[in-house]
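*Asks:* Following the hints, put chain D in place on chain P, whose structure we already have.
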Amino acid sequence: MDKKLCVLPCNGIDKSLGVVARTVALKLIEKEPEMNLICPVLLNTSDERYETILKESNIVIIDGCMTRCATKLVDERNQKIFKRIFIPAMSKQFKIKPGTNLELNENGQKLAEKISIEIIKELKASEYDEISIEKKLEEFDFYEITVDKYYFQVPKDGYFFNENDCWVKPNGNTALIGISDYLQNRVSDIMFVELPKVGTEIEQFDDVGSFESVKTVLDLISPCSGRIISVNKDLKEHPEWMNQDPYRKGWFAELELKNFDEDWELLMDGSGYFKYMKETITKEKEEMDFKN
Amino acid sequence: MKKKVGIIACSGEKLLGGTLSRAAARIVVKKLKPHDTIVLCQPLFAAGGLERHGGQQERNFAKEHPTITIEGCEELCSKIAVERYSGPVAATIRVDEIMKAHPEFKPKSREDLGKDGLKLAEIIAEEIAKKVDELDKQR
Numbered sequence: 010m011d012k013k014l015c016v017l018p019c020n021g022i023d024k025s026l027g028v029v030a031r032t033v034a035l036k037l038i039e040k041e042p043e044m045n046l047i048c049p050v051l052l053n054t055s056d057e058r059y060e061t062i063l064k065e066s067n068i069v070i071i072d073g074c075m076t077r078c079a080t081k082l083v084d085e086r087n088q089k090i091f092k093r094i095f096i097p098a099m100s101k102q103f104k105i106k107p108g109t110n111l112e113l114n115e116n117g118q119k120l121a122e123k124i125s126i127e128i129i130k131e132l133k134a135s136e137y138d139e140i141s142i143e144k145k146l147e148e149f150d151f152y153e154i155t156v157d158k159y160y161f162q163v164p165k166d167g168y169f170f171n172e173n174d175c176w177v178k179p180n181g182n183t184a185l186i187g188i189s190d191y192l193q194n195r196v197s198d199i200m201f202v203e204l205p206k207v208g209t210e211i212e213q214f215d216d217v218g219s220f221e222s223v224k225t226v227l228d229l230i231s232p233c234s235g236r237i238i239s240v241n242k243d244l245k246e247h248p249e250w251m252n253q254d255p256y257r258k259g260w261f262a263e264l265e266l267k268n269f270d271e272d273w274e275l276l277m278d279g280s281g282y283f284k285y286m287k288e289t290i291t292k293e294k295e296e297m298d299f300k301n
Numbered sequence: 803m804k805k806k807v808g809i810i811a812c813s814g815e816k817l818l819g820g821t822l823s824r825a826a827a828r829i830v831v832k833k834l835k836p837h838d839t840i841v842l843c844q845p846l847f848a849a850g851g852l853e854r855h856g857g858q859q860e861r862n863f864a865k866e867h868p869t870i871t872i873e874g875c876e877e878l879c880s881k882i883a884v885e886r887y888s889g890p891v892a893a894t895i896r897v898d899e900i901m902k903a904h905p906e907f908k909p910k911s912r913e914d915l916g917k918d919g920l921k922l923a924e925i926i927a928e929e930i931a932k933k934v935d936e937l938d939k940q941r
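Protein sequence lines correspond, in order, to chains P and D. Position in the first sequence (from 1) plus 9 gives the number in the working numbering. Position in the second sequence (from 1) plus 802 gives the number in the working numbering.
Calculated directly from the structure, the hints in this document are not laboratory data. Computed from a predicted model, the values in this text were never measured in an experiment. A hint or two may mislead.
[To be verified] Residues of chain P clear of chain D, computed beta-carbon distances all greater than 10 Å: (1) 60; (2) 66; (3) 158; (4) 211.
[What the hints assert, rightly or not] Heads up, incomplete: computed chain P residues facing chain D, CB under 8 Å, no partners named: (5) 50; (6) 55; (7) 76; (8) 154; (9) 155; (10) 160; (11) 208; (12) 209; (13) 230.
Backbone N, C-alpha and C define an ideal beta-carbon position, used for all residues, glycine too.
For reference, chain P alone in the conformation it holds in the complex:
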């Protein structure tokens, strides 16, 4: 290796993806002992320890999930980036699902090994990645609630919801559909999507495709009837957008509406859905407390 390199994994504790990130980093320093390992925790509390290393090195950032903690820790500094690794994207690339267990199973270990080999290959080739900057989207007003450490949002206007936690955002005779913030929180990191075929006719409450997270596979239940006129193909590459921005970049499909005047009667507006969602969350929490 000509240039000094260091690796910063997110090191997340509460998701298997964070454990994969950590394992990749440990495998990297095992394969390339001259590579420095940066502990994200120590970097946060005592960053002067790493001052020299960071100044002299390019960095490999490994993010386990869509909150991209490692990236955030580095973006605060003016650091040269060699490579950014996003574990869900690598899982998709290698077609290996790490599972949900926080002690990595065989697949999780295999995935970590493959990612580390891939990074080493790139190190040898010394190719630098472009850093992509996400486009800022318009802001709008939300109803918001925090339960324990979880935070849920519902747009105040323009969206209608069914009891399956899916939304429709009508615009004239067409509409976008997607999943709510509550649902994306419940399923956790979404890794794969199965989009519907353009041209498919659907009825209200039909399945219009599915998505798979680290925890489960679910169908998106359409809040309205109509014909699919387009799908969000970007989700194939960026399924995490359904987590990061479920009401905008995470839209799933676009429909030509068939009978929205009637469909609407079985839906809730933002205010109604927020109340419904709060009741659901409270009930779940009470059940948990009762079990205790």
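*Replies:* Below, chain D without anything else, positioned relative to chain P:
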């Protein structure tokens, strides 16, 4: 409704104590006190959460709930982080001290705790669970 207790492990990458703290936190949250505790992800705590959600979820939780930090070494990274972003901690568990008190258990490595290491993680987890009970009595 009873307030849950936050468990934040040092999760340190570079030392055995970090691996033990992670393992112990998981045992508490999944096995010993699943309904009384919630794990706070230390890197997420440090970096802040999703911007769309205000980026403060873990930190706000620790502001409003009693939080126990589990420290892998004398750096006390979790305690420092909680005090910096949220406020005083409810209790601190020192993994290095528990390791010293149980020299009979010799974990295999930072990557793989092995049988002894897992036993040690159980002991640490029981200490944390005791603290959770103590906090519960105080409330």
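*Asks:* Is the interface hint for residue 208 of chain P satisfied, with its Cβ closer than 8 Å to some Cβ of chain D?
*Replies:* Hint on residue 208 of chain P: violated, closest Cβ of chain D at ~33 Å, above 8 Å.
*Asks:* With a cut-off of 8 Å, does the beta carbon of residue 55 of chain P approach a beta carbon of chain D closely enough for the hint to hold?
*Replies:* 7 Å, holds
*Asks:* For the hint on residue 209 of chain P, does the least C-beta distance to chain D fall short of 8 Å?
*Replies:* 31 Å, violated
*Asks:* Taking the closest pair, is the beta carbon of residue 211 of chain P still more than 10 Å from chain D?
*Replies:* 29 Å, holds
*Asks:* Given residue 154 of chain P as an interface hint, is its Cβ closer than 8 Å to any Cβ of chain D?
*Replies:* Since chain D brings no Cβ nearer than about 11 Å to residue 154 of chain P, farther than 8 Å, the hint is violated.
*Asks:* Check the non-interface label on residue 66 of chain P: least C-beta distance to chain D beyond 10 Å or not.
*Replies:* 16 Å, holds
*Asks:* Does residue 50 of chain P pass the interface check with chain D, least Cβ-Cβ distance below 8 Å?
*Replies:* Constraint on residue 50 of chain P satisfied, holds at 5 Å.
*Asks:* Take the shortest C-beta to C-beta distance between residue 155 of chain P and chain D; is it under 8 Å?
*Replies:* 7 Å, holds
*Asks:* Could you check that no beta carbon of chain D comes within 10 Å of the beta carbon of residue 158 of chain P?
*Replies:* About 4 Å separates residue 158 of chain P from the closest Cβ of chain D, which leaves it inside 10 Å; violated.
*Asks:* Should the label of residue 60 of chain P as a non-interface residue stand, given a Cβ cut-off of 10 Å to chain D?
*Replies:* Consistent with the label, residue 60 of chain P stays out of reach of chain D, its closest Cβ about 16 Å off (over 10 Å).
*Asks:* Any CB of chain D closer than 8 Å to the CB of residue 76 of chain P?
*Replies:* Holds. Min distance 6 Å.
*Asks:* Can we keep the residue 230 of chain P interface hint, with Cβ of chain D closer than 8 Å?
*Replies:* Because about 24 Å separates residue 230 of chain P from the closest Cβ in chain D, which is outside the 8 Å limit, the hint is violated.
Comparing the model with each earlier hint shows violations of hints 3, 8, 11, 12 and 13; every other hint is respected.
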